[in-house]
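Asker: Chains as they are written, first to last, in our numbering: chain A, 1 to 355; chain B, 1001 to 1317; chain C, 2001 to 2354.
There are no misleading hints in this set.
Here are the computed lysine-lysine pairs in the DSSO-like style, where the Cα-Cα straight-line distance is at most 30 Å:
id : chain 1 : residue 1 : chain 2 : residue 2
1  : C       : 2178      : B       : 1202
2  : B       : 1202      : C       : 2135
3  : C       : 2300      : C       : 2274
4  : C       : 2178      : C       : 2135
It should be emphasised that the hints constitute simulated quantities derived from the structure, not laboratory data.
Residue strings, one per chain:
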Amino acid sequence: MRLLEVSDLTVAFSTSDGVVRAVRGVSFGVDGGRTLGVVGESGSGKSVAALTLLGLSRGANVSGTALFEGRDLLTLADDELRRVRGARIAMVFQDPLSSLHPHYRIGWQIAEMIRAHESASRSAARRRAIELLGLVGIPRPERRVDDYPYQFSGGMRQRVMIAMALALDPRLLIADEPTTALDATVQAQILDLLVGLQRELGTALIMISHDLGVIAEMADEVLVMYAGRAAEVADRRTAYYRPHHPYTLGLLASIPGSAAAGGDHGRPLRPIPGQPPSLITLPSGCAFHPRCRYAMDRCRIDEPPLRQVAGGVAHRSACWLPLNAVGTGEEAEAQRQRVAESGRAASRATADGVT
Amino acid sequence: MSAVPLEALPTEPAHVEAVRIIEGRSPLRLAWARLRRDRVAMVSAVTIAILVGVALGAPVIAHLVGHDPNTQYRETGLTPDGLPVGPSRRFLLGTDNLGRDLFIRVVYGTRISLLVGVVSTVLAVAAGVAVGLAAGYFRGAVDTFLARFMDVVLSFPFLLFAIALVSIVGPSLTVSIFVIAFFSWAAVGRIVRGQTLSIREKEYVEAARSLGAGDLRIMFVDVLPNLMAPVIVYTTLLIPTAIVFESTLSFLGLGVVPPTPTWGNMLSDSLQFYQVAWWYVLFPGLALLTTTLAFNLLGDGVRDALDPSTERLFAAS
Amino acid sequence: MSDPDVVLTVENVVKHFPIRQGIVVKREMGRVHAVDGVSFAVRRGETLGLVGETGCGKSTLARCITRLYDLTSGRVIFDGVDISRLSRRQLHPFRREIQMIFQDPYGSLNPRRRVGSIIGDPFAIHGIADGSQRKRRVQELMEVVGLNPEHYNRFPAEFSGGQRQRIGVARALALRPKLVICDEPVSALDVSIQAQIINLLAELQDEFGLTYVFIAHDLSIVRHVSDRVAVMYLGKVVEIAPARDLYDRPRHPYTAALLSAASVADPDIADRRKRILLAGDVPSPVDPPSGCRFHPRCPKARARCAVEPPELVRRPSDSPNHLTACHFPVEATDDLARAAGTGGPPGGQGRSPR
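Isolated chain A, as found in the complex:
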């Protein structure tokens, strides 16, 4: 049994402009000690999904199941959930400045968190806090334990956040864009730290990011989200070298020097046209079809389910294109275009200049 198994998670918010369907039936899971990378742009629903698991989506309509260690997180009572949060599942956010309380020393904050879940004496908790700060690579932890958040740099603060997250030895760590606000060299340090800690402590990790480079480095399995649904699920190498879904293909073609470009930084970029859709008024059928260069008539009507892609054991893609058309090779590309053309009404096939 997987450590975390989420099935058909749906999250919707009622706003004065209409119902925002942030997450629309997403299923994913992660095994102990492994890393799931969740990739998506703004509006993909990736952060909302993670927050909902921990009961942090206030005022939302939630349905589906999220089995963690055998219990459904979505139906837990508040106090039960609070016991899970922090102790069994911990979360690290993008902006450590707003996650740490500015008026309390960080050592105190960590110690309080420990004491909130375990019955430990003040000195024991403090010792553990110092130990944790050392574990995340903060120099002279016995001195820095009494500092305030503002006395740390961005990278150091993120380390403190990670220390706090790991304080109770959780089984699962959810990191939501933990390095987006950091400089490249600092980001490298933090990612290295996360990988090292994971190896040492055996924690499972859900890494949420819009940065395909970060995911390429960290993830064992990749979930690509678009407009609140899963577009593609695959293991790491398959996702980057043999993707099936046009959105994944499009993302890779948008990045200079990516796997799709064969590492050539000079190759022209093939951006995805248009922009992500509004989550209130979603397109009919497949949410990606207005931007998809292989869009067929069917795509406008039927929303494709996640289907097993040929060749990959755990490779699934929510697309109507043939299941054996994977990767960026010429043959696959030709196959896609052939199928796409025939899938459109005859008049449109001549109007669309197929690139």
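Position chains B and C relative to chain A; hints supplied.
Answerer: This is chains B and C only, laid out in the frame that chain A set:
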């Protein structure tokens, strides 16, 4: 340079349409739509409209009723003992101690209150915006001087000043307006200064400067429109303050000269007679309360409608 | 004397921000050494990429070039004219030639103005074309950048981030400038939109013969768009070279570390790469280290580095355009990852096989 070729670059193919159904509505139009949905604010707005109508149509009302605000109707308006008459068919709200029609006097009092309230507010806001904008935009010595000046004005004891001024110049409508405007502008100025300080750091101001825009252009084209929201809110909330201010002045005998009726001086006179003429105290007070409440509620509604934190784009991720 | 092919020369530009404290009289307590002596030249039609992390001074330098800030010292020479000390009035005509595209698509457009008015601003400010002629030119610009000209009367809030950035581009190009400074033009955008804007900028460069200074922190993007790249650290340029040379054979240890830290969307490369992890964080520009500013974090630092600031010069065996400011530049035989104490693939000797 030759004419630009009118080919759009192929980034938005024909069958791609941005899924954006919002029409070209300005932020103010959107705010107006939000305001319209606010019941309380709408009721207040209607009330104010009625009050304005009453103020403008005061002579007409007097003509219809057949009574004059300053005429003392000794036979019909006073009891045989010389006491005020209560509300009746002839005198809708009763009379005051001199037998004058209270209803007509309250109606005419509306004129003074609204006139002074609105005019002094407009003057105060104009001065406050001008000074605050200059102080916040130019900073440095200009700001130091103007900001200190505003602080000084704010620390003035208004009552003493009002008494002093009136004793020198004599009470009148103009003096009332001036005094009220003088004590209100600095608060507006402070707020505008604060807003200007933050707006001038925005990137679009930097962009304007990089295009070569001069200071005056930036102040009027870029900064001022973004000040409108807080200024409008403050104006709507300043009017009732000014109205109460005027009533206070006339209550103390420092405002408009009697026999011109204002709610303030009516209240002042009525206190001696509250035991025998409750209507004399009640109705001017009620008029003042209603007016102030209506403006305050409208002001709250306007502030909520203009709340800039409602971004139209929902960016969940 | 001045090379007609050179559009912009930056000569020893220094920009310090004084830190003042005091109650009545403000006294200078220290200075932020934002830009501390930067020199380079940009040729007509080329794209110079400018990379660096927080506090390196690239944004400040951009604002010095466009004279949004006054220089503390040094010169900025545009098309042969020294614009460093010109008054605002004298600078006015140059504002047509040097333009800037800003980072924040949400902050760089006035939310209370209509898009047509925003794009028409340059025309209004410089008294060129008004009325229907201006509107026509604005709509032409909108088409050029890929916007629907019928949206002339809309407000910025009704556009997406990518579209707003296009508006910013249209505004910058209105008067056909010669030089465009792009300050992180795509950093705030989604990945799929970034590529659209990058392509747009490239096409416009060809179309209008523009020269770009492209500032970004994303190394892949900078490499993709630039002809030459300059790397900045704490207010100084540490290395400048043609893009390919810089990325294939970096000579400055900081450049090497930066390149090794960049995220690459390719699992094999990510696995193979040896990360050079620098110790500590970027020091504050208020009190920069002595000698070579990078020496406290440099895996190759020696005694000399703490004392003597290195010059930005060409090292033997490098191409003539490749300048490095380092006493002990990176050699092909160096293993900086080991020197930094962090050998091997990212944290990953014990990684589960894939």
